[in-house]
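From first to last, the protein sequence lines stand for chains Y and X. The first sequence begins at 18 in this note's numbering and counts up by one. The second sequence begins at 18 in this note's numbering and counts up by one.
Simulated from the structure, these hints should not be mistaken for lab results. A portion of the hints provided could be inaccurate.
Stated by the list, open to error - Straight-line distance between alpha carbons at most 25 Å, and here's what the computed DMTMM-like set of lysine to aspartate or glutamate pairs gives:
id, chain 1, residue 1, chain 2, residue 2
1, Y, K89, X, D124
2, Y, K115, Y, D40
3, Y, K115, X, E96
4, Y, K115, X, E83
5, X, K115, Y, E83
6, X, K115, X, E103
7, X, K89, Y, D40
8, Y, K89, X, E24
9, Y, K89, X, E117
10, X, K89, Y, E24
This structure is a prediction, so every number in the text was calculated from the model and none was measured.
There are 2 protein chains.
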Amino acid sequence: MIARTPEPPYFVAIFTSARTPGDDGYGAMSARMVELAREQPGYLGMESVRTAGGHGITVSYWQSLEAIGAWKRNAEHLEAQREGRERWYGAYAVRIAKVERQHFFGDA
Amino acid sequence: MIARTPEPPYFVAIFTSARTPGDDGYGAMSARMVELAREQPGYLGMESVRTAGGHGITVSYWQSLEAIGAWKRNAEHLEAQREGRERWYGAYAVRIAKVERQHFFGDA
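For reference, chain Y alone in the conformation it holds in the complex (with noise of 0.2 Å):
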């Protein structure tokens, strides 16, 4: 699970989201965000997370600021993310910053 960046620099958006509680077609939505980013110009990996209690946290690594700007207004994505308004998240951060560095270690 844990992407293989290239060298920094590159950009990061982290989700960090609390969720509702049920399924509530989430499942089904966060498996085709995941297939949908991939084939995003620009996309580099993503690392995701999430317990039984609800918490997640979702890595996902981009080229550019503006290949995460291009994401965020996909129009799909934006379906998601205005469902997630309404349904699936009773909160979250999202945070966008630029990787300056970063190591590896064991079979990652």
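Following the hints, position chain X against chain Y.
Below, chain X alone, put in the same frame as chain Y:
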């Protein structure tokens, strides 16, 4: 579990890891490192998620690269890092990034 970070810019250390099986002292070390990180100069907050299957992402926020460097070199933390490579982690990645934008939704 969503950190109330201040307005950017600030810095983030993204730690993505795959645990080895069993606890083997990991839980106690992990709790101690959270406690210790909170005492460090420049610490702004932390978000951490780990699955039962052993995949984890911990994101810690800091005022400066210098604060992250000092935390990395903290003696007790260095020992935890050494033991981590020997016992607790099959693989991990550490990425250091500068947060440029953030957005919160809900009761985050």
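**Study point:** Hinted pair K115 of chain X and E103 of chain X, Cα distance within 25 Å
**Key:** violated (30 Å)
**Study point:** Pair hint K115 of chain Y and E96 of chain X, alpha-carbon separation not exceeding 25 Å
**Key:** With Cα atoms ~29 Å apart, K115 of chain Y and E96 of chain X exceed 25 Å; violated.
Check your understanding: Does E117 of chain X lie within 25 Å of K89 of chain Y when you go C-alpha to C-alpha?
Key -> With Cα atoms ~16 Å apart, K89 of chain Y and E117 of chain X stay inside 25 Å; holds.
Review point. Keeping to a limit of 25 Å between CA atoms, is the pair of K115 of chain Y and D40 of chain Y held or broken?
Key: violated (33 Å)
**Study point:** Pairwise hint evaluation, E24 of chain X against K89 of chain Y, where the allowed Cα distance is 25 Å at most
**Key:** With a Cα-Cα distance of about 21 Å, the restraint between K89 of chain Y and E24 of chain X holds, given a limit of 25 Å.
Exercise for review: Would you mind confirming whether the straight-line C-alpha gap from K115 of chain X to E83 of chain Y stays at or under 25 Å?
Suggested key: holds (16 Å)
Check your understanding: K89 of chain Y and D124 of chain X: Cα distance at most 25 Å?
Key -> holds (22 Å)
Point to revise | 25 Å limit on alpha-carbon distance, applied to hinted pair K89 of chain X and E24 of chain Y | key: holds (21 Å)
Review point. Are K89 of chain X and D40 of chain Y close enough, with their CA atoms no more than 25 Å apart?
Key: violated (39 Å)
Check your understanding: K115 of chain Y and E83 of chain X: Cα distance at most 25 Å?
Key -> Judged against 25 Å, a Cα distance of about 16 Å means the pair holds.
Going through the hint list in order, the structure does not satisfy hints 2, 3, 6 and 7.
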